Structure formats: structure tokens, C-alpha cells
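Chains as they are written, first to last, in numbering that gives the first Met the number 0: chain G, 0 to 151; chain X, 0 to 84.
Worth flagging that the hints you see were computed from the coordinates, not collected in a lab. Predicted model, so just to flag it, every value in this text is computed and none were measured. There's no promise every hint is true.
[To be verified] Negatives, chain G to chain X, calculated, CB over 12 angstroms:
1) Gly12
2) Gly21
3) Ala42
4) Ser69
5) Arg70
6) Glu75
7) His80
8) Ser99
9) His100
10) Ala106
11) Ala119
12) Arg132
13) Trp133
[To be verified] Calculated lysine to any residue pairs in the SDA-like style (CA-CA distance at most 25 angstroms, straight line):
14) G/Lys124 <-> X/Phe48
15) G/Lys124 <-> X/Glu22
16) G/Lys68 <-> X/Arg52
17) G/Lys124 <-> X/Arg11
18) G/Lys68 <-> X/Ala59
19) G/Lys58 <-> X/Ala45
20) G/Lys58 <-> X/Val58
21) G/Lys68 <-> G/Gly26
22) G/Lys124 <-> X/Gly72
23) G/Lys124 <-> X/Arg52
24) G/Lys58 <-> X/Gly41
25) G/Lys124 <-> X/Glu19
26) G/Lys58 <-> X/Thr49
The beta carbon of each residue, even a glycine, is placed where N, CA and C say it ideally should be.
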Amino acid sequence: MPVRIQREDFDAGAQIARLRAGDPRIGAVASFVGVARDRNDGAAVSTLTLEHYPGMTEKSIEAIINEAKSRWAVFEILVIHRIGELKPLDQIVLVVATSSHRGDAFAACEFVMDYLKTEAPFWKKESTPAGERWVDARESDEAARSRWERSG
Amino acid sequence: MRVTVLYFAGVREAAGRDRETLELPADVATVGALRAWLIARGSPWAEAFTEIRRIRAAVAQDMAADETPLAEGAEVAFFPPVTGG
Numbered sequence: 000m001p002v003r004i005q006r007e008d009f010d011a012g013a014q015i016a017r018l019r020a021g022d023p024r025i026g027a028v029a030s031f032v033g034v035a036r037d038r039n040d041g042a043a044v045s046t047l048t049l050e051h052y053p054g055m056t057e058k059s060i061e062a063i064i065n066e067a068k069s070r071w072a073v074f075e076i077l078v079i080h081r082i083g084e085l086k087p088l089d090q091i092v093l094v095v096a097t098s099s100h101r102g103d104a105f106a107a108c109e110f111v112m113d114y115l116k117t118e119a120p121f122w123k124k125e126s127t128p129a130g131e132r133w134v135d136a137r138e139s140d141e142a143a144r145s146r147w148e149r150s151g
Numbered sequence: 000m001r002v003t004v005l006y007f008a009g010v011r012e013a014a015g016r017d018r019e020t021l022e023l024p025a026d027v028a029t030v031g032a033l034r035a036w037l038i039a040r041g042s043p044w045a046e047a048f049t050e051i052r053r054i055r056a057a058v059a060q061d062m063a064a065d066e067t068p069l070a071e072g073a074e075v076a077f078f079p080p081v082t083g084g
């Protein structure tokens, strides 16, 4: 399964090894790991709780992966995203793309991440000394996604 | 027309529920009309939809716009801008 939503942590090295096992066409593997920080918007964050929309989450990420595969010469793309309660230092998300050459792998990996940030239905709630708050969507994430939009 | 409405994150908390099945009047046939109809029901929907900025919608688990039509049995979801990753 190219998309996995799970509470458990993941081993990026083991996932990469499995994704490229037995495929000598692969010359490049690009990966991204998103991690929980201990600060956000000027406040200390002790816990991050991730909610999602089961069904739509998988569907939307699969659509993003298919779009990336249509744009770049990649073999496989894997996305693992955690849900539930996370602490600073915990891993949140893994994206891996494999291709013959690095350009396609880098671009596909970044594209998937930028679209996931603005299209996949996840929401973060953080616990701070002042209480709990929902994380606000960032304009910079919209800008990161929009640069991939094609005219015409 | 009968639809299932799902609420997520801050919208779920403000609405005080995560889902409900609703029988809609005949003239409520789009996402935008449903949004307006929910607000017109008053508290807590009015607060949920007016106090949270830029509420997004999905129909059949695809991102939807106000003009997206609703069909019998549709699954409609309302939620704040997403913040995963």
C-alpha cells in the first residue's frame, strides 16, 4: 500500500529498503521526514494531536501520488502519516520517491509533501501552557503548493 | 433529500457533534445552500460556521466548492483548512 495512516512510529530506513528491494532500475531515492517541534507560533508545545478524515485522507493522498507519477519519471512513492497523540521529537510523516535519477525523485517528493500539506484532511491540535489550540493553516503552505500549478 | 454531514476538528467541536443525518428541503441542493441552511438553524451551527475562518467542504470525500451539487445519500463534510504533514 503506497498510503498508510497509522498511530505507530515508522522506521524510515526499513521503509526505504523495502521500497527499493529487488529493483535495479532505481538510481535515486528521495525521502522527507516531518517531525514534531517543541515550539510553534511563539508558544511551547507539549503534545500534538492529529485528527483525520478516514477514507478521504487515503483517497486524497493516492490522487496526489498519481499526479506526481504522471509528472515525473518515478517508480514508487510511499506516504506514511501518523495520527493520534504525538510529542516533540516524534516523527509525523514520511514521503519516499524512487526514480532512475535524482531530479525526478527530489521533485516528486517535494510535490507530494506540498500537496499533502494543503489537500490531505489532517488537523493538528497542540497543547501549550495557555491551553489547547487548533493549528492555523499557513499562507506559506498555500504558496508552496501553488508554485506547482500549471497554467493551461 | 437525505444527506450525512460530517464535522471535523474545530468545526466538530463548535458544532458539538461529529456527524448527523439530515433531511433537506428541496431547495437545498448545493454545498453552499447546505452551509446557509445550517447557519440558519441557529446555535450551535451558526457559531461553528461564522467563528471559524474559511471552512472547507468535501462531497463524497472530494474537496467541494459552494456550487457543488448534493445527491440523495451524499456524504458531506465541513472542516477548517487542513494542517497535516
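Comparing the hints with the structure gives:
Listed as a non-interface residue, G/Gly12 keeps its Cβ farther than 12 angstroms from every Cβ of chain X; the least gap is roughly 21 angstroms. With a closest Cβ-Cβ approach of about 30 angstroms to chain X, G/Gly21 is found to remain outside the 12 angstroms limit, as its non-interface label requires. Distance check for G/Ala42 against chain X: the nearest CB is about 15 angstroms away, which clears 12 angstroms, and the non-interface claim stands. Listed as outside the interface, G/Ser69 is consistent with that label: its C-beta sits roughly 18 angstroms from the nearest C-beta of chain X, beyond the 12 angstroms cut-off.
The beta carbon of G/Arg70 is kept farther than 12 angstroms from every beta carbon of chain X, the shortest such distance being approximately 19 angstroms. Once the 12 angstroms rule is applied to beta carbons, G/Glu75 is consistent with being away from chain X; the minimum gap is 20 angstroms. Distance check for G/His80 against chain X: the nearest CB is about 6 angstroms away, which does not clear 12 angstroms, and the non-interface claim fails. For G/Ser99, the requirement that its beta carbon stay farther than 12 angstroms from each beta carbon of chain X is met, with the minimum near 27 angstroms.
Against chain X, the non-interface label of G/His100 holds: every CB pair exceeds 12 angstroms, the least being about 26 angstroms. A cut-off of 12 angstroms between C-beta atoms confirms that G/Ala106 is not in contact with chain X; the least separation is 17 angstroms. A cut-off of 12 angstroms between C-beta atoms contradicts the statement that G/Ala119 is not in contact with chain X; the least separation is 5 angstroms. With a least CB separation of 9 angstroms from chain X, G/Arg132 falls inside the 12 angstroms interface cut-off, contrary to its annotation.
Against chain X, the non-interface label of G/Trp133 is violated: not every CB pair exceeds 12 angstroms, the least being about 5 angstroms. Note on G/Lys124 and X/Phe48: the hinted pairing holds, with a Cα-Cα distance of about 19 angstroms set against a maximum of 25 angstroms. Annotation: proposed proximity of G/Lys124 to X/Glu22 is violated, straight-line Cα distance about 32 angstroms (limit 25 angstroms). Proposed proximity of G/Lys68 and X/Arg52 is contradicted: the alpha carbons are some 34 angstroms apart, above 25 angstroms.
Note on G/Lys124 and X/Arg11: the hinted pairing holds, with a Cα-Cα distance of about 13 angstroms set against a maximum of 25 angstroms. Taken as a hint, the G/Lys68 and X/Ala59 pair is honoured in the structure, with Cα atoms around 24 angstroms apart against an allowance of 25 angstroms. Taken as a hint, the G/Lys58 and X/Ala45 pair is broken in the structure, with Cα atoms around 30 angstroms apart against an allowance of 25 angstroms. Proposed proximity of G/Lys58 and X/Val58 is supported: the alpha carbons are some 13 angstroms apart, at most 25 angstroms.
Taken as a hint, the G/Lys68 and G/Gly26 pair is honoured in the structure, with Cα atoms around 16 angstroms apart against an allowance of 25 angstroms. At most 25 angstroms may separate the alpha-carbon atoms for a hinted pair to count; G/Lys124 and X/Gly72 exceed this at roughly 31 angstroms. For the hint pairing G/Lys124 with X/Arg52, the CA-to-CA distance comes to about 16 angstroms; that is within 25 angstroms, so the pair holds. Restraint check: the Cα-Cα separation between G/Lys58 and X/Gly41 comes to about 33 angstroms, which exceeds 25 angstroms; the hinted pair is violated.
Pair hint G/Lys124 plus X/Glu19 holds up; C-alpha atoms about 23 angstroms apart against a cutoff of 25 angstroms. A hinted pair counts as satisfied when its Cα atoms are at most 25 angstroms apart, and G/Lys58 with X/Thr49 does not qualify at roughly 29 angstroms.
In the structure shown, a violation is registered for the earlier hints numbered 7, 11, 12, 13, 15, 16, 19, 22, 24, 26, in ascending order.
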